[in-house]
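Chains as they are written, first to last, in this note's numbering: chain X, 239 to 368; chain Z, 49 to 108.
Rather than coming from a laboratory, the hints here were simulated on the basis of the structure.
Heads up, some of the hints might be wrong.
[Stated by the list, open to error] If the Cβ cut is set under 8 Å, some of the chain X residues that face chain Z in the computed set are:
no., residue
1, Ser-249
2, Val-252
3, Met-253
4, Leu-288
5, Tyr-340
6, Val-347
7, Cys-355
[Stated by the list, open to error] Some chain X residues flagged as far from chain Z (calculated, every beta-carbon gap over 10 Å):
no., residue
8, Ser-251
9, Ala-256
10, Gly-302
Backbone N, C-alpha and C define an ideal beta-carbon position, used for all residues, glycine too.
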Amino acid sequence: MPRSATPASPSMSVMAPAVAWLIPGAGHLIQKRWIRGLLIMASITIMFVLGLLMQGRVYQPNGGDILDILGFVGDVGAGGLYIVTRVQGWGHGAIAHATADYGTKFLIVAGLLNFICAADAYHIAIGKKP
Amino acid sequence: MTLDLTHFTAAVLFSVFASVVFGITQRNTSREQIRYGLYCFVLFVGGVFLAGWVMWILRH
């Protein structure tokens with residue numbers, strides 16, 4: 239039986255996407271979408287960690303090449319995962335081999351997927367989605 | 049620790065995680081989400097095989 243779409247409190251419409259960005263899946267969890275939240279959390283976190291283990295490049299804030307800027311935008315979408323990675327100094331600044339290129343894509347796509355999840359958490363909060 | 053996956057394994061793992069998120073975010077009911085997730089996964093993996101064969105044909 240599908241859950242009906244009911245608008246949550248106005249504060250939830252701000253908090254859900256913010257929390258979802260910071261901790262992947264948390265935007266769904268705080269709205270009691272347990273299974274969806276856990277699946278999102280697992281998928282994005284594992285994808286990001288795999289990217290790091292494959293020695294993917296972690297982009298830093300930059301104003302240079304457009305692809306580097308877009309890479310940073312993708313990476314920063316992972317929220318807390320990206321912040322922890324930067325603080326700990328994990329990841330690599332340059333791609334050394336073919337697998338590392340995959341790792342770079344894993345990191346960027348994990349961030350981009352998290353942006354989609356944050357938008358989804360917002361849609362749930364405003365009652366647009368059950 | 050370094051992970052050295054094959055291209056195919058990396059592509060399949062990518063497909064799994066992206067399909068899970070697409071399924072959850074792009075559909076409303078659980079049934080639709082599972083169906084759409086599987087659909088995305090098949091398209092991703094199918095695309096990998098298709099691209100592989102195209103590259104093989106171009107190479108030979």
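Consistency of the hints with the structure:
no.: 1; hint: Ser-249; in the structure: violated, 22 Å
no.: 2; hint: Val-252; in the structure: violated, 19 Å
no.: 3; hint: Met-253; in the structure: violated, 18 Å
no.: 4; hint: Leu-288; in the structure: holds, 7 Å
no.: 5; hint: Tyr-340; in the structure: holds, 4 Å
no.: 6; hint: Val-347; in the structure: holds, 7 Å
no.: 7; hint: Cys-355; in the structure: holds, 6 Å
no.: 8; hint: Ser-251; in the structure: holds, 17 Å
no.: 9; hint: Ala-256; in the structure: holds, 17 Å
no.: 10; hint: Gly-302; in the structure: holds, 27 Å
The earlier numbered hints that this structure contradicts are 1, 2 and 3.
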